[in-house]
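Q: Each chain, written out:
2 protein chains.
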Amino acid sequence: MLRINGGRLIADLRTLSAFGKFQTGVDRVALSIEDIEARRWLCGKLREIALDATMDRYGNVFGRDPKVDKAILIGSHTDTVPRGGWLDGALGVIYGLEIARAWRESGRTAPVGIDVVSFSDEEGTYLPCLGSRSFCGVLDERDTTTAKSKTGAALAESLSALANEAPLIRLDRERQVAFLEAHIEQGPRLEASGTKVGVVTGIVGIRRFRVTARGQADHAGTTPMGMRKDAAATLFNLAVRTEREFPKIGGPDTVWNVGTFALHPGAANVVPSQAEMTLEFRDTASETLDALERSFIGWVDEASRGQVKVEAVPTARIAPAAMSSTLGAALTEAAIANGDKPLSMPSGAGHDAMFLTAQIPSAMMFIPSIGGRSHDITENTADADIVLGCQVLADATEKLIARFA
Amino acid sequence: MLRINGGRLIADLRTLSAFGKFQTGVDRVALSIEDIEARRWLCGKLREIALDATMDRYGNVFGRDPKVDKAILIGSHTDTVPRGGWLDGALGVIYGLEIARAWRESGRTAPVGIDVVSFSDEEGTYLPCLGSRSFCGVLDERDTTTAKSKTGAALAESLSALANEAPLIRLDRERQVAFLEAHIEQGPRLEASGTKVGVVTGIVGIRRFRVTARGQADHAGTTPMGMRKDAAATLFNLAVRTEREFPKIGGPDTVWNVGTFALHPGAANVVPSQAEMTLEFRDTASETLDALERSFIGWVDEASRGQVKVEAVPTARIAPAAMSSTLGAALTEAAIANGDKPLSMPSGAGHDAMFLTAQIPSAMMFIPSIGGRSHDITENTADADIVLGCQVLADATEKLIARFA
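Those sequence lines, one after another, are chains A and B. So in our numbering, the last spot in the first sequence is 405, and the numbers never skip. So in our numbering, the last spot in the second sequence is 405, and the numbers never skip.
These are computed hints drawn from the structure, not numbers from a lab. Careful, some of the hints might be misleading.
[As the list claims (entries may be wrong)] Here are the simulated EDC-like pairs of lysine to aspartate or glutamate, each with C-alpha atoms no more than 20 Å apart in a straight line:
(1) Lys-309/A / Glu-243/B
(2) Lys-229/B / Glu-243/A
(3) Lys-399/B / Asp-69/B
(4) Lys-67/A / Glu-191/A
(5) Lys-229/A / Glu-293/B
(6) Lys-229/A / Glu-191/B
(7) Lys-229/A / Asp-376/B
(8) Lys-229/A / Asp-385/B
(9) Lys-229/A / Glu-34/B
(10) Lys-229/B / Glu-191/A
(11) Lys-67/B / Glu-191/A
(12) Lys-229/A / Asp-253/B
(13) Lys-150/B / Glu-165/B
(14) Lys-229/B / Glu-174/A
(15) Lys-309/B / Glu-243/A
(16) Lys-341/B / Asp-385/B
(17) Lys-229/B / Asp-376/A
(18) Lys-248/B / Glu-191/B
(19) Lys-309/B / Asp-340/A
For reference, chain A alone in the conformation it holds in the complex (with noise of 0.2 Å):
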């Protein structure tokens, strides 16, 4: 048995959440001074334990196990979103960190050891998943010089302060024989459902469309109803349709959404002559996703031969990613193990796993957000959850290095 330390996880965690401390949350976002000084301290803390550790010149933290040809790498990403939660990705980093310690502590020997990795800009401050993605070659590099922050700010100009650290790490699929991810949940399901571990079989691809329906402004006194071209009430329609008619089409995990709704000219007065709405639909199954497409440009197709024109444009178009399912049927022994009944779950969020999941087998584990808040400085797990989790990752880690040694 690989038994890690709860008081030091949860002290380590706090440690790093000072970096960039803001209220009861973190504001770290990626590159930043603060960002950048919690890498260095990570970096530190790796090589207390003899790992090898690097900051790259695009702040990838990685620590390298040097007694070993092969290793699990364990990780996420330190860095936030602007006042965002303590856990978030650093949850997964440090669960690397205490595995890694706790593994070394053991005084086991084997030929698959562990690395521990912090990806840079997982959060898109610059470039979503920058780091990871760098990892994996899959990066055009030709976007991090035109890449900036929402506030106009250039990566290559962030990017600069990183100019004298180590080369860029990248993936070695001889070496790295599996990637674990763990995070917090950041929903409301483990929390609903008194379960402490979410085992994630996929990562969901997102599919969203700006829909415009263009009719015609006429006074809302003088025109007869059946003489206006409504374009509000035709989106509404298409709206509520959707709502009624995906349930039918899609899985038990199909979420969709409509976030942005916005009428022209917008007056009380005035029937609407356009309407715009963005929707977007997630699942992890390709075929789910295109059956959903599939009627909704019907519908659109439909409403569109009345007097009113509704058009709808793809704007994003994410595939799903599946997770390794022997990655996490070692998860879940690990969670029975513990005492948990562990939840398979899709994971509705985007996360480095995604692109890892792409070039080695790769894993991600949940624990529960209280309250299923996250993205805030409201973002919490109870300290006894964190542990829990923990030692179900650093269980199944143990299986693992044995399966692949």
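Using the hints provided, position chain B relative to the given structure of chain A.
A: Leaving out everything else, chain B in the frame of chain A:
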């Protein structure tokens, strides 16, 4: 037969449209230099036909037939919305001028004459129907000290330019036995039915509500559909239910509109915590408005029984104003005598006649709007339709003079 002069009528309308001409339309908002100049020009035209013409301190222009103790009052307003059309209320005023002129030219005398009026600020640059409300004695004078235009100009300051004009002109119920207001339809019905005259049964009442749904913002990827409190979905359903049920509750002329709709926080990947829309509905029958309101409030209450709370706050409530059926019959007869099959219809927009009808028998007559356009520089009516409309109103006036004598 009282014969109007069509060429002269069109020429006067064209001359009037030169005051504040803007491209193919007119920009002559109330109390602007152009509006006052146009009103002084109108006073001159009224004096040419020996009417006692004055402009009062609110800008109302009144032409009094000095030879009689009783009169049919004919008119409307000569102010426009910004970048409006050349007809709108100007039409009804110049109809009054032309009919009074034709009456004088006919050399006939009767105990009942014709007074002509152009009310001030019908369009509400400062205060909607300022002139007709003052004329009818139902204006709260305190409002004139606080009213401001959308651009922040104070009504009191604009009125100071008229400080030396005549004292406020009031309706004299003993004298003005009826009010006739002609106006462009501002809608598509006459054109669509090939009709040249619309006889207004009443001016619709308006009820307007701000409807707010309050749910909870959640991550649109990680929150299962069943655990959401989606404010947008709730209002979409309410809007569609309104669209489906109102036709069953309202009358054939009932109209309604959802003209504004907003979501918060308004991001594609966030379940909306709040949704807000305005619903207004119009009808000439108070009982119909009551029935629509009862049903809608019932649906709001039903919707509120779920996780999302919905509230409907009334923001406008204007009572319907019935027109005199006796005067309407005179218009109908005159239209038929001129070869038209007039359409009996409500006015979906407000007019000065709303206030007059509460004091003396009043009627409104519409002529077609090309493409239903109004309050825009594209507003227009065929010259022949303008002339025909004036002849119809003249014939009706002639009959009413005989009847009230």
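Q: Confirm or reject each hint.
A: Tested hints:
no. : hint                  : in the structure
1   : Lys-309/A / Glu-243/B : holds (19 Å)
2   : Lys-229/B / Glu-243/A : holds (14 Å)
3   : Lys-399/B / Asp-69/B  : holds (18 Å)
4   : Lys-67/A / Glu-191/A  : violated (40 Å)
5   : Lys-229/A / Glu-293/B : violated (24 Å)
6   : Lys-229/A / Glu-191/B : holds (17 Å)
7   : Lys-229/A / Asp-376/B : holds (18 Å)
8   : Lys-229/A / Asp-385/B : violated (26 Å)
9   : Lys-229/A / Glu-34/B  : violated (36 Å)
10  : Lys-229/B / Glu-191/A : holds (17 Å)
11  : Lys-67/B / Glu-191/A  : violated (89 Å)
12  : Lys-229/A / Asp-253/B : holds (17 Å)
13  : Lys-150/B / Glu-165/B : violated (26 Å)
14  : Lys-229/B / Glu-174/A : violated (47 Å)
15  : Lys-309/B / Glu-243/A : holds (19 Å)
16  : Lys-341/B / Asp-385/B : holds (14 Å)
17  : Lys-229/B / Asp-376/A : holds (19 Å)
18  : Lys-248/B / Glu-191/B : violated (27 Å)
19  : Lys-309/B / Asp-340/A : violated (36 Å)
Hint compliance for this structure: hints 4, 5, 8, 9, 11, 13, 14, 18, 19 are broken, all remaining hints hold.
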